[in-house]
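Protein chains in written order, with the working numbering: chain A, 126 to 514; chain B, 126 to 514; chain C, 126 to 514; chain D, 126 to 514.
One thing to keep in mind: the hints can contain errors.
Covered stretches of chain C, as calculated for chain D (at least 3 residues, CB under 8 Å) [to be verified]:
1) 280-294
2) 378-387
3) 482-489
Calculated pairs, DMTMM-like style, for lysine to aspartate or glutamate (alpha carbon to alpha carbon, straight line, at most 25 Å) [what the hints assert, rightly or not]:
4) D:471 to A:141
5) C:514 to B:324
6) B:438 to B:317
Reference excerpt, derived from the structure (chain B facing chain C, CB under 10 Å, subset only) [as the list claims (entries may be wrong)]:
7) 252
8) 331
9) 505
Derived by calculation from the structure, the hints in this document are not laboratory data. Ideal Cβ placement from N, Cα and C applies to all residues, glycine included.
Number of protein chains: 4
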Amino acid sequence: MISETTPPDFLQKFIETRAYSVTLCEPLNAEDYIPQPRDFASPPKWHLAHTTWFFEEMILSKYVADYIVFHPKFSFLFNSYYQTIGDRAVRAERGAITRPNVDEVYAYRDYVNEHMCRLLTAKPSQAVLALVELGIHHEQQHQELLLTDLKHTFSLNPIFPVYRTDFNLVDTVNQTDGWLRIEEGLYEIGYEGDGFCFDNELGKHTVFLPSFEISKSLVTNGAFIEFMEDGGYETFSYWLDKGWTWVREQQISRPLYWYKIEGKWYHYTLAGLVPVKMDAILSHISFYEAHAFATWKGMRLPTEFEWEAAASKMNWGQRWEWTYSAYLPYPGFKIDDGAVGEYNGKFMLDQLVLRGSSVATPAGHERITYRNFFPANTRWQFNGIRLVK
Amino acid sequence: MISETTPPDFLQKFIETRAYSVTLCEPLNAEDYIPQPRDFASPPKWHLAHTTWFFEEMILSKYVADYIVFHPKFSFLFNSYYQTIGDRAVRAERGAITRPNVDEVYAYRDYVNEHMCRLLTAKPSQAVLALVELGIHHEQQHQELLLTDLKHTFSLNPIFPVYRTDFNLVDTVNQTDGWLRIEEGLYEIGYEGDGFCFDNELGKHTVFLPSFEISKSLVTNGAFIEFMEDGGYETFSYWLDKGWTWVREQQISRPLYWYKIEGKWYHYTLAGLVPVKMDAILSHISFYEAHAFATWKGMRLPTEFEWEAAASKMNWGQRWEWTYSAYLPYPGFKIDDGAVGEYNGKFMLDQLVLRGSSVATPAGHERITYRNFFPANTRWQFNGIRLVK
Amino acid sequence: MISETTPPDFLQKFIETRAYSVTLCEPLNAEDYIPQPRDFASPPKWHLAHTTWFFEEMILSKYVADYIVFHPKFSFLFNSYYQTIGDRAVRAERGAITRPNVDEVYAYRDYVNEHMCRLLTAKPSQAVLALVELGIHHEQQHQELLLTDLKHTFSLNPIFPVYRTDFNLVDTVNQTDGWLRIEEGLYEIGYEGDGFCFDNELGKHTVFLPSFEISKSLVTNGAFIEFMEDGGYETFSYWLDKGWTWVREQQISRPLYWYKIEGKWYHYTLAGLVPVKMDAILSHISFYEAHAFATWKGMRLPTEFEWEAAASKMNWGQRWEWTYSAYLPYPGFKIDDGAVGEYNGKFMLDQLVLRGSSVATPAGHERITYRNFFPANTRWQFNGIRLVK
Amino acid sequence: MISETTPPDFLQKFIETRAYSVTLCEPLNAEDYIPQPRDFASPPKWHLAHTTWFFEEMILSKYVADYIVFHPKFSFLFNSYYQTIGDRAVRAERGAITRPNVDEVYAYRDYVNEHMCRLLTAKPSQAVLALVELGIHHEQQHQELLLTDLKHTFSLNPIFPVYRTDFNLVDTVNQTDGWLRIEEGLYEIGYEGDGFCFDNELGKHTVFLPSFEISKSLVTNGAFIEFMEDGGYETFSYWLDKGWTWVREQQISRPLYWYKIEGKWYHYTLAGLVPVKMDAILSHISFYEAHAFATWKGMRLPTEFEWEAAASKMNWGQRWEWTYSAYLPYPGFKIDDGAVGEYNGKFMLDQLVLRGSSVATPAGHERITYRNFFPANTRWQFNGIRLVK
């Protein structure tokens, strides 16, 4: 899981990654750092502190002899799931934590950054470097969540706040049409190499795939509006059983963040409310909707293995692409001992794999073998649809 | 409902009341203004804005000819229940409203204050003065809620934030022992006079009461600990049916904000975590607990009529005192037409009356005929117990 | 609470009451005795067994020296709330208890009846007679519940089963129009005398009432349809806050058991589906609907004291009449020690008093001082509306 | 999906299968046919009627020219999920359907049986025979559910009813120890042949498997008690995240139907309460428990492909064996048009595959390629654990 990048690069990469989190927060007021309106979305302040806590708890406290923690309670306040490390603040109550305030969290970041830079300058061990690299990728994950969570919080405000007027993220077009044929055969799946990967991408293994054709482009807003106008949300036969229940109980009739105003479709974006472009790539739909759309089309979603087998021959990276593969361990998958081991394996049930990356993913974080995962009803990520026939 | 206080006093009272809301917020960071961790508790920023909205919506917009609202969306963001005035922001989502930010809300207050002062200086009509007086009392209600809501938010933070070190509010002692006997007879209940009262205190009416004895003092922490140590929370027979369900389902075993640390009781207060004083007055208990305690004692809670008949002869004002009276209309009660009419009558079901006032009630807001009301499970107010035998 | 009826009458009354329960079940198949589709509605078999259990547990086991219980587990299976008597079968699971089967429950009834008759023939003590009388009235209460619960179970069956074709219970008309004026003054409330009453009707006490006018008749189906057609269910201002939430969340738009078929209103009755008669008395509405209807009319519901003060001068008995009085203890009310003491007092919170009696109430069970009580959303009883102005 | 069995065999198989459902109900009273205490468990009467409805609706009504349905409402009362066929009775309300009664349902069965026998004697088309075969297997599925549902209903009765004293089903021992090694390679998965299979077993396809060792025996009660006594239910690290939430929220600490009485373990069986035999095969555990047990052992559960690759070389059939494979479509899976098409595909989300068959599975219903499926918290089936290392 450790890449062979040399130490100087680690220092540089660490500094850049840490700085990018701060850059993302530049448009925010102190007030914007606080809310957690849904359990699944954490406050910006928490993302800033939690990613910092990772470096302090997993590296500085363990590998720097005389390290003094910034604040004895922060470990409790800003860990996440890692139940092997003492009690944790209740996940659903993160929005009540106004203190430490934003300035104190930035001071916490500075303090940990300084100690980390000192450590990285001093030729740390391979074990430390492996954790640093994990910490960097961990922070990149939270950079994407920071944006999607903020978008969700802002979306609940009836005045539709603007994060950055030049940052709507959803109007990407630029797609290649057509279908890509992949032949039947044995394919190698999973990560192997000297770069970084998460534990759930290991170990590389062989799968046998029948032939299939996969679309070179993702489904557009216009295509999804056709589905809607054809009664897609009201037609039982397109939906999985749980999807149909979801549609009716939650009264779903459009993608998340969409509004129909005087007969025209708009979506709320980080740049405010903007018209829906027909040829832009659809976003913010659940697996249920992705599956129903594919059924309506007489097609289907790819499996994660099909996606990986085809990925090198097609463009991807605008949306997290729903696959019809459950998030399960690869052969030989083993949960690490200790807190880091809780990273991924615990969640391998009742979630679906999404492949690719999205417009909100930090540059350099994407990987062909990357396995993102969410429950089927997830919509607040930049999720999209790629079809297979 | 309109008092005969003359206009100059109104101006003075308006200015003082508005200033006191700001004073209460002095110890807060911008971050503290935001959270709404429970539906029942609103953010400080919302309290500041909502009380301002009342003056703008009910008075300035209606009675000042050329008045221009501060912001066209604020009416939507900061109204409360008043469904007769357009849509309202969902009550449970107040914690997601980071914008307008705190500074903008203070600007809103200044703008409305200025226009109100101009209006009050210009000999307004009796109708306006009646609304101003209502607005002042409305703001006082929210001043108390601001403190109790803030305490609740802070209590969810594992580091137990301090609002003001000199403001714990719960260590009041100073009580007179003994029992007060009230004789059988006819008593006049409800408000009559030239001061202010809420609609639910009207009209004055006669009730017949049998004789009873009422305690001159409120139940202390020490007395409640006796109940706890005698198995009070585990003994079915002391509890109403709904109370017993509540105790078991919520796993209640102590007053809200209490913690047992190394064998000693502490409570979280606005001054942080402090030891429980045995002779101080108990606070933060539900009606269920109040009723169970009284049953355990072989006594009972007063009715609101008994309380009012005895009030002039005893000390009160440290805690809201639970009565065993449902919150129902007095004879002849009539809901006003229009938005102000929604003030109280809508809530006259499945709530209990609390009488008196609390250490968090702004000076001058208390009244012998005052009827506060909450559901039986309410604990985040400064509620206490007075016994009758 | 013990009436002075002499023992022979008790024997006669006991036999008649026990026989009437059996009569009520004559139209039932074995299958009909089983379901409990909602927590609030118990199966017929449970009613038959529970009322029998009362006589066995409270009288035979305590007062008959060598009495052997019919089955050692029945005490556990067929008690109700009485938590002072060991564990009880979970209330919501009564519908899973297929064994003992119906025949065994009838054998249980016969066995207990025989022992009770023997006891009643042998000059029992006053203490026993008081319990017998309580048991008789207890069984009468369950006779009414048996009918209302059965109606509810049958109503969930899409083929609308018929209990008895001559037993629709809701088409009663026969009302006197006009208003009855009651003058201001002191009135005596509560039971006093040598007959039977429940503990919640004691003790007799004085109340002062302002003058009022009360309708001589109950609201008809036709009048309620006017309310519906005038948008009653869609108009916020008619409803209490909790009522409005209830209407929207439960999507309520008509009385329980009503169906609109090809433009005409029908209701499901124990005689099957029948057309709604315009001049028949409305039934199966919640307190919320009763209150909203009265508000729409510009009138109000009576208090329970007003009802009792007027009752001797008006006809009542077709419907349980909602009052706007919370179910609370009368002055001096004291919960009995022991299991019988759990009868009523435990439930004195968040319920409303209904006065009168209904078409389903066994003859002789009604009483001017009788206090029935249910939560505000209760609709499966034969509830109706009487207005006051 | 149609087997090549000749018509006479179909008639024989039809008669036998239909008779076996009746045999299973012989120990029941009329009352036992009614309850549905949980949404997932249907009443015996419903199973009898629903399996009959399948033959009437899918075959007789479509393929017999002058066929008159037994009762026009039964199609509505006794269909299940098949939403393409009109409205259906709400699944959760099956326990309220006392009428038609048990005798009428048996008359329904006789009527349909007679018409089916007539049809089968008259050289029906291949299309009809395919549906008959499907109907037979459908009824066998419901025979197993009838037993597991009945066990669940009976288990809620505090007197632990006995279905048949010779039918406890859980004390099977007779296992072979040791491990079976399966080599890396390509394996054929899925059904191919001239017998019957369900749509979810098609089409046959190739998978590549790494080598593994699979246990020849299932986990015993004794082994599971070791897990329990080693703190298995209290140790976070053994559990998937959702499993840990389930254990704590549902307060799970033992297999379903287990009771500890005076220090010894008992389980409730269809023969009543019996002691747990240490060397008998464990049953009634969820996927969560199966996974936690395997983790505690340092092993894992098989995938469904591993299971199928090994099945011909090992004994199976006592328990449904949890696999760590999500229930997803095989390559080329296609949902049929029409009502039969809703059979399986709708449910391919958030469920796990179980392989093998159980002691409650009717003889002849099991198949190496059979894919049973349930959500991870399912315990009322006869589920067991087979380990892989």
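Tested hints:
1. 280-294: holds (count 5)
2. 378-387: It is violated: at least three residues are needed, and the stretch 378-387 of chain C offers just 0 whose Cβ sits closer than 8 Å to chain D.
3. 482-489: Answer violated; 0 residues pass the 8 Å Cβ test.
4. D:471 to A:141: Distance ~47 Å between residue 471 of chain D and residue 141 of chain A Cα, so the pair is violated.
5. C:514 to B:324: Status holds; Cα separation ~20 Å.
6. B:438 to B:317: Within the cut-off at roughly 19 Å; holds.
7. 252: 21 Å, violated
8. 331: 5 Å, holds
9. 505: 19 Å, violated
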